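Guided by the hints, dock chain C onto chain F, whose structure is given.
Taken in sequence, the protein lines are chains F and C.
Reminder that position 227 of the first sequence reads as 227 in my numbering, one-by-one numbering, no gaps.
Reminder that position 75 of the second sequence reads as 75 in my numbering, one-by-one numbering, no gaps.
The set of hints was computed from the structure by calculation and includes no laboratory data.
Check each hint, because a few of them may be wrong.
It does not matter which identical chain is meant; a pair holds if it fits inside one copy or across any two.
Pairs of lysine-lysine residues, derived as BS3-like cross-links and limited to a Cα-Cα distance of at most 27 Å, are as follows [as the list claims (entries may be wrong)]: (1) K323 / K233; (2) K317 / K113; (3) K411 / K60; (4) K317 / K138; (5) K411 / K147; (6) K233 / K273; (7) K113 / K233; (8) K317 / K411; (9) K113 / K213; (10) K347 / K233; (11) K213 / K233; (12) K233 / K317; (13) K273 / K347.
As the structure is a prediction and not an experimental result, all values here were calculated from the model.
Number of protein chains: 2
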Amino acid sequence: MTLDPVLARIDADLDASVARLMELLRIPSISTDPAYAAHCQEAADWLVEDLASLGVAAEKRETPGHPMVVGHIDGDGPHLLFYGHYDVQPVDPLELWDTPPFEPELQDTPKGKVIRGRGTSDDKGQLMTFVEACRAWKEVHGALPCKLTFFFEGEEESGSPSLVPFMQENREELTSDMALICDTGLYGHDTPAIVTMLRGMLQEEITITGPSKDLHSGMFGGIAMNPARVLTKVLSSLHDETGTVTVPGFYDGVPELSNSVRAQWEGLGFDEKAFLGEVGLSEPAGEQGRTGLEMIWSRPTAEINGMWSGYTGAGFKTVLPSKAHAKVSFRLVGTQDPEAIRASFRKMVADMIPTDCEVSFSEDLGAGPASVMSTESPMFDAARQALSDEWPNPAAYVGSGGSIPIAGYFKSIIGTDAMLIGFGRDDDQLHSPNEKYDLESFHKGIRSWARILAALT
Amino acid sequence: MTLDPVLARIDADLDASVARLMELLRIPSISTDPAYAAHCQEAADWLVEDLASLGVAAEKRETPGHPMVVGHIDGDGPHLLFYGHYDVQPVDPLELWDTPPFEPELQDTPKGKVIRGRGTSDDKGQLMTFVEACRAWKEVHGALPCKLTFFFEGEEESGSPSLVPFMQENREELTSDMALICDTGLYGHDTPAIVTMLRGMLQEEITITGPSKDLHSGMFGGIAMNPARVLTKVLSSLHDETGTVTVPGFYDGVPELSNSVRAQWEGLGFDEKAFLGEVGLSEPAGEQGRTGLEMIWSRPTAEINGMWSGYTGAGFKTVLPSKAHAKVSFRLVGTQDPEAIRASFRKMVADMIPTDCEVSFSEDLGAGPASVMSTESPMFDAARQALSDEWPNPAAYVGSGGSIPIAGYFKSIIGTDAMLIGFGRDDDQLHSPNEKYDLESFHKGIRSWARILAALT
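Just chain F, same shape as in the assembly (with noise of 0.2 Å):
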């Protein structure tokens, strides 16, 4: 089955194929919030319909929170399962968007044509990337190239509380031989990428209570204990003078980069002047001796992402405060174990506690560890050939400093390697205001996966 009158079918159907992902965009799946749990369920309605229209035997399957969409097509080839999300973020603040969120719009801009709306990078316009691909091939070869199974999620957004359950109960329905996935971004403007390195992540909540109620400083500075002040004594000894976390045993289980990929990372010209100069910043602050590629990618972190103590209003007032509060997570690689280290952060914090303070954690927080992916099968270099046809520069193996936790249940839950391609754009405004997807980026997206459908099968 050939490609190229695929790639001109996508080409001619381009319109429709953003009609079909307006309609998509139109329905405000906003998982956090159960006051749009109906539009969930209609955002998944639309889904099963729409994989019907390609012949793919999909239902709607209910979760204790917003329903999967599962769906199968048998075929010739490899069985390739692809994974992505229809939830999309809340869209406030409201007042800072110029058009409506759930009006999408395709607008001309300086930097060319986009849709605009919530939802149209992350991750509604990704996942129709793979979905137009799919139909394209349909309406040229009158088949789809392979065995393929759709997996749609619609709680991405709120912590995918279904999520391991259901691929704990699903296992066999959901294994195939490899797992696309697409819910990250280009490297560069030009430049595709699969990104086969994401840091795990490890959350705590800390509480420190000192006096058992809020004091006036006048009558009790100086003799009571301010947990305020035993929090920050924690706080700012997480990190030693080079930037090296000091929670004990933390950095068990973190890899040196192999030589090769440390020569492609390098080969990769990543301009950390211009990264940090976006954010109004000059300097990595992460660890001595590493590279601004490496604190992002290959290195653990810790960070405070939140504290809160006293009063924070306008104006000031003299408390002395019963409780301070701090958030903070540790961003995980290679094998480091993220219950070995709460515990031993957890016991670092205790043993810094004074007489008249008590600390605890909350609990239910979340934890997983990092993933990293074995290369190894031939599928990726293909793959990463497939993309680098499509885009003017080649494709890059790359690391990505958040946390994707499905790729590692593709792993742990199901024993899938999984393959990360997105065509997401750093100006994307993912989560925010005036959230918008390249029409570029869909356009070449749709292509590459039938590059990639081409390519693996």
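Chain C in isolation, oriented as in the chain F frame:
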């Protein structure tokens, strides 16, 4: 003019005194909230009228904020000035009040009768102890015992922005032989006190800015400077391991206690364990080698009153914040210079800020030196004896950890000594829901002022 019939009159007239106080308490004169400005006017009008009923020529004097009430009455003997404030704190959280804050009630409790409502203790109830003592004196003797000036403020609970200009502009009119201030408490349940040492205060608000906007800690964690981390370094360095404040020059002007004051304080039998036990603590947290009373009355402090950065809501958001904030206050003693300490603190902080972070400090936050009263005037010992005559235990000269700037202003602006006498108790719930003033505080407070007027004239 004899005292006994005045005391008898006070006892006989107590119900009417309470009823008058209730009228004033029903006026919701919350000074910090512009919505209550008309009620502040109403409270001032009420006081003008009430003073007129004593024969005092009083008037409401407008300021850029809420009005002052100033009244004069001529008489023989020394010229005394009495200061109190008619404004009250906000009442949030309203749902924690057992009875409506501005519908005052006389309630029976296991510890005795209390007047319940906002402003009962701070400061309308205390203010009226003096007015009612004058009323009884007038009714028994047909005249007040000496020349008197009444000076009531309506902005004490909102930082007194008009106070200093007003005192400067009306210096001559506010000059007297001694200023009496009723806005403090008893030392113990049955032990009255004259406060002769008040800590000063310096307030600072720090904002540290790192990246130009909030970042995703996956994409930027490790490479981007986190201002929350910088803030914890700054705040955790404010004290060394012995509890000593590390700001350079901080202890310049901090005196050691004289032997006589030390001996008197030791005689008070301050129960550190009980004091801390009330708020769930057990160990003094201040400088090593200092007594509990020194820590709260005569030693300077540095406290974190508030801090905030990043995401502080429910759940988790892996933000790498752009900004981190803290409110820090210093309690000052002796001749510590607030502005010199402000400058030294700011330099110390600025020196700790790395490249890629900026620090700014809020302007217009409070600063005032400590007040140490000279008790050389025989009026002090006379008032102390009068208080001792009224209460079960003899009166003490004490310090106060809080800052009552008005006391210092009488000295620095008017050139008058001030005597701080009040009848509040530790469980009065000042600034909190269910504020109360013991009926005994009110009754014996009125009697105390009658005795003091007799003793000073």
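Quick rundown of the hints versus the structure:
1. Proximity of K323 to K233 under the C-alpha cut-off of 27 Å is found in both arrangements, the shortest distances being 14 Å within a copy and 19 Å between copies.
2. With identical chains, the CA atoms of K317 and K113 are never at most 27 Å apart, being 51 Å at best within one copy and 31 Å at best between copies.
3. Taking CA atoms no more than 27 Å apart as the test, K411 paired with K60 passes inside one copy only; the shortest distance there is 24 Å, against 79 Å between copies.
4. With identical chains, the CA atoms of K317 and K138 are never at most 27 Å apart, being 67 Å at best within one copy and 41 Å at best between copies.
5. Taking the closest pair of Cα atoms, K411 and K147 come within 27 Å of each other only inside a single copy of the chain (20 Å); across copies the shortest separation is 90 Å, beyond that limit.
6. In the homo-oligomer, the alpha carbons of K233 and K273 lie at most 27 Å apart only across protomers (26 Å), although the nearest pairing inside one protomer, at 32 Å, exceeds that limit.
7. For the homomeric pair K113 and K233, neither the shortest alpha-carbon distance inside one copy (50 Å) nor that between copies (46 Å) is at most 27 Å.
8. In the homo-oligomer, the alpha carbons of K317 and K411 lie at most 27 Å apart only across protomers (26 Å), although the nearest pairing inside one protomer, at 52 Å, exceeds that limit.
9. Proximity of K113 and K213 under a CA criterion of 27 Å is satisfied inter-copy only: 25 Å between copies versus 56 Å inside one chain copy.
10. When the C-alpha separation of K347 and K233 is checked against a cutoff of 27 Å, the pair qualifies both within a copy, at 15 Å, and between copies, at 21 Å.
11. For the homomeric pair K213 and K233, the shortest alpha-carbon distances inside one copy (21 Å) and between copies (26 Å) are both at most 27 Å.
12. Taking identical chains as interchangeable, the C-alpha atoms of K233 and K317 lie at most 27 Å apart whether they share a chain (23 Å) or sit on different chains (23 Å).
13. Taking the closest pair of Cα atoms, K273 and K347 never come within 27 Å of each other, the shortest separation being 38 Å inside a single copy and 29 Å across copies.
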